[in-house]
Amino acid sequence: MLENIDNILQDLFRLFRLLGIGALTSLKIFFLTLIFSMPLGLAVAFGRMSKNKLINSIVRFFILVMRGTPLILQIMFIYYAPSFMLPEGMKINIDRFVAAIIAFSLNYSAYEAAAVLGFTKVQTFFKIIVPQVIKRILPSISNEVITLVKDTALVTTLGISELYRAAKNEAARVFSTVPLFVAGLFYLFMNSIVTKIFDKIEKKLSYYR
Amino acid sequence: MDNIPMLEVRGLCKNFETNEVLSGVSFNIEKGEVVAVIGPSGSGKSTMLRCINLLERIDGGSISIAGDMMVHTNNNKKVVYAQKSQLRKIRLRLGMVFQSFNLFPHFSVTQNITEAQIHVAKKDPRNAAETANELLKKVGLSDKADAYPYQLSGGQCQRVAIARALAMNPDILFFDEPTSALDPELTAEVLKVIQDLAAEHMTMVVVTHEMGFARDVADRVIFMDKGLIVEEGKPANIFSNPQNGRTKAFLKSIF
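Order-wise, the sequence lines are chains A and B. 0 is the number of the first residue of the first sequence in numbering that gives the first Met the number 0; add one for each residue after it. 0 is the number of the first residue of the second sequence in numbering that gives the first Met the number 0; add one for each residue after it.
A portion of the hints provided could be inaccurate.
As the list claims (entries may be wrong) - 25 Å max Cα-Cα, derived SDA-like pairs, lysine to any residue: (1) A:K120 / B:S107; (2) A:K120 / B:I171; (3) A:K126 / B:N18; (4) B:K121 / A:T119; (5) A:K199 / B:K121; (6) B:K137 / A:K202; (7) A:K202 / B:P104; (8) A:K202 / B:K121; (9) A:K126 / B:N132.
Hint data in this document are derived by calculation from the structure and do not stem from the laboratory.
All chains should be built: construct the whole structure from the sequences, respecting the hints.
Written out as structure tokens, the structure is:
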């Protein structure tokens, strides 16, 4: 009996250690993606607003492809094409960011008030437009980041041993679905933290409308 | 008199595509003068203000501020704006108050008033805050210094917007239908502020539908219709004895 419990505990410990290592890799992918995708998103947003027809149409095409093809295909493609960056790096959905900025640029009110007060275009963008854009797109960013946590599982197709792969291997070894279930709890835990963080930020920004 | 007018507009033309909105508007505004611009909707009043404030590019004519050429039309009928640096300087001498207030929603009342002082006029933040305090007192909103725009009524928003414009110490202040989005009670509190400014001889151009205000406060009334100035003069003359048929019809439809 005691031996049994000892065995179960040992198995659980082993499972948590394996999944923990996998989760670390998942987190690495997650953070790198986040770090790479933000400036990329901003660059794409600017490109989308550019008056230069060539840049504009290239960026439009880029967005179309990114939005219109499955992430798993994109991951494979970028892996087999010269892999210069994490495939996930483009996942954060820039569309909404673009749409919001365009909406604000077209929405004269704040823009014109700033112009009349003598703000330069750069000042207007960073001081007046961006804060309002961020507030407006925060809920969708939060959605995207939560999706990103789950989507890290897709890089398993490249043979990277992140959380999902670790769980799958273990499940095959012990011939049980428990590891997969526990992996689900890991993802849930990570996303509960992400949710908490975004709730906090949203609260912080609720002082204006 | 060799007085240079504060604002000189000559032959101002503006089209939107094929639609001619301003077809050669000319007038002067003298220092300390309060001018009300009235006329039916679509007569080009707001567009005129927007052209003077560099929010629209003009298609012909000239505008100068206190003798400094902002834009003119050369002999080849080409519209030439002053250099960017010059335009920036000129712009700082103009203030504008919008119909929809256009406060910055993410800034407090005080920040709304100090932001441009600090980042455009490069004033010391403490001086800017002091100016904001004084101006808020002037418009009767000292107790709202830390409020955010969404917590204010329309009238209060508009008074903050006026304070924000005044903070940049403009030579001439433009109002684009400042009370059109307000109910009568709130309209009164905003007009009171404008009236106080008039008493201090602030140079102002007010596009308005408030005929009572135009009659009582303005030194001069300009009546516009279909992109042209049809009639102008002392309020008493315009309102009690309009000369032009269109002015007559407009005033009749209002009173």
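These are the hints, each one checked on the structure:
1. A:K120 / B:S107: Between K120 (chain A) and S107 (chain B) the Cα gap is close to 22 Å, so the pair holds against 25 Å.
2. A:K120 / B:I171: 23 Å, holds
3. A:K126 / B:N18: 35 Å, violated
4. B:K121 / A:T119: 13 Å, holds
5. A:K199 / B:K121: 34 Å, violated
6. B:K137 / A:K202: Violated, at roughly 34 Å.
7. A:K202 / B:P104: 16 Å, holds
8. A:K202 / B:K121: Given that 25 Å is the threshold and the Cα spacing comes to 32 Å, the pair is violated.
9. A:K126 / B:N132: 22 Å, holds
Violated hints, listed in ascending order, are 3, 5, 6, 8; each of the other numbered hints is respected by the structure.
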